[in-house]
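Enquirer: Spelled out, the chains give:
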Amino acid sequence: MNTPDKKNMKHECPHQQECLQLLQSILDGEATTEQKDRFMGHHLEECMPCYQNYHLEVAIRDLLKKKCSNEAPQDLVDSIKQKVIQNLSK
Amino acid sequence: MEEEFIKNNYTDAQKQEIFDKEFMPQINAMYNFAYRLTLERDDAKDLLQDTYLKAYRFIDSFQQGTNAKAWLFRILKNSFINDYRKKSKEPAKVDYQEVETYYNSEEVDRQITPDLRVESLGNMIGDEISNALNALDVDFRTVIILCDLEGFKYEEMAKILDIPIGTVRSRLHRARNLLKEKLSEYAKSMGYKTA
Ligand SMILES: [Zn+2]
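Residue numbers (the numbering used here), protein chains in the order written: chain A, 13 to 102; chain B, 11 to 205.
Warning: the hint list may mix true and false statements.
[What the hints assert, rightly or not] Straight line, CA to CA, 30 Å or less: simulated DSBU-like cross-link-like pairs of lysine-lysine:
| # | chain 1 | residue 1 | chain 2 | residue 2 |
| --- | --- | --- | --- | --- |
| 1 | B | 55 | B | 79 |
| 2 | A | 79 | A | 48 |
| 3 | B | 17 | B | 64 |
| 4 | B | 163 | A | 48 |
| 5 | B | 55 | B | 198 |
| 6 | B | 17 | A | 79 |
| 7 | B | 87 | A | 78 |
| 8 | B | 64 | B | 79 |
| 9 | A | 77 | B | 192 |
| 10 | B | 169 | A | 95 |
| 11 | A | 78 | B | 31 |
| 12 | B | 79 | B | 31 |
| 13 | A | 77 | B | 17 |
| 14 | B | 55 | B | 163 |
| 15 | B | 169 | A | 93 |
| 16 | B | 31 | A | 77 |
| 17 | B | 87 | A | 79 |
| 18 | B | 64 | B | 198 |
| 19 | B | 55 | B | 192 |
| 20 | A | 79 | B | 163 |
| 21 | A | 95 | B | 198 |
| 22 | B | 25 | A | 79 |
| 23 | B | 87 | B | 198 |
| 24 | A | 93 | B | 55 |
| 25 | B | 169 | B | 79 |
| 26 | B | 25 | A | 95 |
| 27 | B | 87 | A | 93 |
| 28 | B | 79 | A | 77 |
| 29 | A | 78 | A | 48 |
| 30 | B | 55 | A | 77 |
| 31 | B | 192 | A | 18 |
| 32 | A | 79 | B | 192 |
| 33 | A | 77 | B | 198 |
| 34 | B | 198 | A | 93 |
| 35 | A | 95 | B | 17 |
| 36 | A | 48 | B | 169 |
| 37 | A | 95 | B | 192 |
| 38 | A | 93 | B | 25 |
Please keep in mind that the hints were generated in silico from the structure rather than gathered at the bench.
From a predicted model like this one, the values you see are computed outputs, not experimental measurements.
One chain only, chain A, in its complex shape (with noise of 0.2 Å):
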């Protein structure tokens, strides 16, 4: 995707949420390639709002991955391969 030039997008999108379903799709991975050139390469470049949601979905996902992950507690991880440890011997 090239960087739009902004002046001349589009400021409505008639079918938004279809749109919406779709970018997240090419996210996700589950796109055609077709369909990811047809989305990324033309219509990101001519209308803002699914621009601006391209943007935001990204962003949403960055976050995601920055704020909500935690690390299992060592002494659960030593327990529980201490307990399979335990059931070998037996």
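Position chain B with the ligand relative to chain A; hints supplied.
Expert: For chain B with the ligand alone, coordinates are given in the frame of chain A:
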């Protein structure tokens, strides 16, 4: 494990190797899933431990070379439904079908035009997104975790959750709309504070 028909006869050494090399590397992702489902550290620990011991007990039905992460996530999700969801402290749940019907209605799509901007996400440097995620109904929370945090494909999610791919797709779409709604509430309240 009702659907697993393959029975391997691994030796103790093979079992140990599968456990160490295939199961243990998933432990942080699995803990996070357990925590996001139960929303309680103690329950998450118990759920994780139960799941790993179960995985070990049923290790002969794990086929080496297949996706260990998806296999483990499915056991964890089933244990959660069978053992934890019932005793969960959440108030009597709304029938899920009802929730899904509601969120699948066209009505909601028209209502939801989250006025959330990328710039306001930049201010969410604390627990806002984590709280927003935790505030979603557990079924919506689950698809976001599986897809956006763990990178499962729709087909894998369908297997983990025992639902059709079409349902994965639509549930994910609703879930993301609801998450944006929550985030835009936070953005608004932060806006008031800084104004
Ligand atoms: Zn558009």
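Enquirer: Quick one: which hint numbers does this structure break? Sort them smallest to largest.
Expert: 5, 6, 13, 18, 21, 22, 23, 34, 37
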